[in-house]
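Asks: Hey, can you work out the whole structure from these sequences and the hints?
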Amino acid sequence: MKQKKLSGAEILIKSLEAEGVEAIFGYPGGQALPIYDALYDSGIKHILTRHEQGAAHAADGYARATGKTGVCLATSGPGATNLVTGIANAYMDSVPLVAITGQVPQNLLGKDSFQEADIIGITMPITKHSYLVGDPAEISRVVKEAFYIAASGRPGPVLIDMPKDVSTAEMEYREPDKICLPGYEPVLDGHRQQVMKAAEAITQSKRPLIYAGGGAVISGAYEELLQLAELIVAPVTTTLMGIGGFPGNHPLSLGMLGMHGTRYANFAVCECDLLIAVGARFADRVTGRLEAFAPEARIIQIDIDPAEIGKNIQVDIPIAGDVKRVLKQLTETLSPVLREAWRDKIAAWKKEYPLSYCDKGGLKPQYIISEIYRQTKGRARVTTEVGQHQMWTAQYYTFTQPRSFISSGGLGTMGYGLPAAVGVQVGCPEDVVFDIAGDGSIQMNIQELATAVNYNLPINIAVINNGYLGMVRQWQELFYNRRYSYSELLNPDFVRLAEAYGAEGIRVTTRDGVTPAIERAIRSGKPVVIDFVVDREENVLPMVPPGGSLDKMLG
Amino acid sequence: MRHTLAVLVENTPGVLARVAGLFSRRGFNIDSLAVGRTDNPAVSRMTIVVEGSDQVLEQVNKQLHKLIDVIKINDITKDAYVDRELVMIKVYTEPATRSEIIQLVDIFRGRIVDVGRKTLTIEVTGDEGKIDAFENCLRPFGIKELVRTGKIAMLRGLKPGTKTNGYKEEDMV
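Protein chains in written order, with the working numbering: chain A, 1 to 555; chain B, 1001 to 1173.
Bear in mind the hints are in silico, worked out from the structure with no lab data behind them. Warning: the hint list may mix true and false statements.
In silico lysine-lysine, DSBU-like type, Cα no more than 35 Å apart, as pairs [unchecked claim]:
#1 A/Lys178 to B/Lys1062
#2 B/Lys1072 to A/Lys144
#3 A/Lys206 to B/Lys1062
#4 B/Lys1066 to A/Lys111
#5 B/Lys1078 to A/Lys197
#6 A/Lys197 to B/Lys1072
#7 A/Lys311 to B/Lys1066
#8 A/Lys178 to B/Lys1066
#9 A/Lys345 to A/Lys311
#10 A/Lys68 to B/Lys1062
#11 B/Lys1062 to A/Lys197
#12 B/Lys1090 to B/Lys1118
#13 B/Lys1062 to A/Lys311
#14 B/Lys1066 to A/Lys328
#15 B/Lys1066 to A/Lys14
#16 B/Lys1072 to A/Lys68
Replies: What follows is the structure, encoded as structure tokens:
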């Protein structure tokens, strides 16, 4: 029997359905019209954001919270270029994302046509791979490959550029063949010999420290990491991206390390004799001055991306492989060790140098975040924007579950948190979602409040409002002689702004107002903006000055 | 140190941009890059000469491997290999210098591929040193135009253990 012919756009949607796509975040436009027309009849839920950047971040937040691949869709030219920040953000944090863009018909390509942009060229450095589809016959294969590449190995964004003539051309749908990518074979199991070497080093070590990054969360190694840490009595410190990969309330947890890490985590790095890097990449915000980083330690690095091994630091025992599998291999070869002296030393540090702030004077951001933690019992999904509030969230919300802290780490994208929260709430409709934001960041994608209202997504937005670009101001205070060059903000009335969007707005100016406001927000069942007017010049501490060594902390 | 990489890539549009972009973005220095398709039309082969320490080369290798279109990378620097480059030089000639130039072409086993009223166009193949030497010899006559292909390279013989459809290596030479 002859099959019915489908348009390229219909084949695209059918292929997305075959990949199990449930939600697409997007924004229509001229060259994407055929795709939108096909989407109209599809079972896939489409979330109309108010800006393409919001669509990319929402797909990214969806992916981080659910572990599934996020999908965003935009038209050609400005639609596509508006995705760029979101794609770069996903690339830096290894988020599985498939970005689909409309493109001008092939006969107009390269002619500077209306709304034409070479999005493949523009995104080449920030995508794991990309496709310009030249023929509808390629679509089902391209989609299958794109999802496979995005989610496997070290995940990342893949772009599919669809010229309009390809979307409109008709042909019969063909099941894609088995994937054949001779140049792409992620290594999953650790090399047996390397694992043995690592096990030996661990057994010999007196002061081992586990340094876990985003890879621990992405590979789903929560149980394995916990097992290893308890087995060998090694404290665990995480990077910003690793938060939630190890329970923050565990006696062996040291919280975050690096520039705004805890004192005890940074001390542990300086004194450990073995550093076990688990899906972490020795980024500059973590290491400070490289020569002074873990000076007494041998280093084991486990990473699925061989290019990360030895990129920033010389490694003694590299193990390329999937973190979850390698940790399992390791635990199977190791036997329990008691390291009482080391454990006691860590406990003493934790007691002597806890995270602290002075809870006098104005309303303190740290108190607000601790209170959000208390009221959500640590079980909320929390997104952040970028800046002081992000660091305070990392420090004062004790995350115990993977995929519960969703934040822009590598790229440091202000304006990430709100659209990400949209994606998180779409992916996890039952969960309480908070976007902890700054008054600067929130205004970078504030338009997504309309999306939240439009789709009844009860996101809670806690604006830590100090009337400054707080982190910029902090650096200006510390390193630029208090010259607050263009970091002070004249803000809109966030409560009335929220109400104008159809959300709820609450203003809090005193300590007593914090608890009832959070309670009310969680109960409201609507998007809520809480404008916390806080102490204006509170700093994020402790702090390792940029390029400094980890044991020399301010505050 | 200079390294010679033989890189097999999928013959897709944009693969050259991906490879070249990677080098510039990561701050790796390309000395030369030659590319063309292999006996399999779906696969191209790049010969890339790159300058850098062993550590830099390790990163070059690993980063190249991350490109989906890159199938195989072989750093042949330390193995025995043959390499060739082709140059075409258009050189000014006068009746007085013509025979001297033709002699030089003979010495370098080159070929004259075009004769103009005031120029000769010469082709020479060889390794980089020979090409450099030839260029230096012609420089005094005045070089009008010069184009080099960049180095292409191939390992000598077969690597131990290579499967050859039942033939022994000696049979194939």
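Asks: Is the straight-line distance between the alpha-carbon of A/Lys206 and that of B/Lys1062 35 Å or less?
Replies: holds (33 Å)
Asks: For the pair supplied as a hint, A/Lys178 and B/Lys1062, confirm whether the alpha-carbon distance does not exceed 35 Å.
Replies: This hinted pair holds, its Cα atoms lying about 26 Å apart.
Asks: Between A/Lys197 and B/Lys1072, is the straight-line Cα distance small enough, at 35 Å or below?
Replies: Answer holds: A/Lys197 to B/Lys1072 is near 28 Å, not above 35 Å.
Asks: Please work out if A/Lys178 and B/Lys1066 have their alpha carbons no farther apart than 35 Å.
Replies: holds (21 Å)
Asks: For the pair we were handed, A/Lys68 and B/Lys1062, check the Cα-Cα distance against 35 Å.
Replies: Since the Cα atoms of A/Lys68 and B/Lys1062 sit roughly 27 Å apart, the hinted pair holds (cutoff 35 Å).
Asks: Can the restraint linking B/Lys1062 and A/Lys197 be considered satisfied, given a maximum Cα separation of 35 Å?
Replies: holds (23 Å)
Asks: Just to be careful, I want the Cα atoms of B/Lys1078 and A/Lys197 compared with a cutoff of 35 Å; is the pair within it?
Replies: holds (29 Å)
Asks: Need the status of pair A/Lys311, B/Lys1066: alpha-carbon distance at most 35 Å?
Replies: This hinted pair holds, its Cα atoms lying about 14 Å apart.
Asks: For a C-alpha distance cap of 35 Å, please report whether B/Lys1066 and A/Lys328 respect it.
Replies: holds (25 Å)
Asks: B/Lys1072 and A/Lys68 were given as a pair; does the straight-line alpha-carbon distance stay at or below 35 Å?
Replies: Between B/Lys1072 and A/Lys68 the Cα gap is close to 30 Å, so the pair holds against 35 Å.
Asks: Against the 35 Å threshold, does the CA-CA distance of B/Lys1090 and B/Lys1118 hold or violate the hint?
Replies: Cα-Cα ~10 Å, so holds.
Asks: If you draw a straight line from the CA of B/Lys1066 to the CA of A/Lys14, is it 35 Å or shorter?
Replies: Holds - the C-alpha atoms of A/Lys14 and B/Lys1066 are around 29 Å apart, at most 35 Å.
The structure agrees with every numbered hint stated previously.
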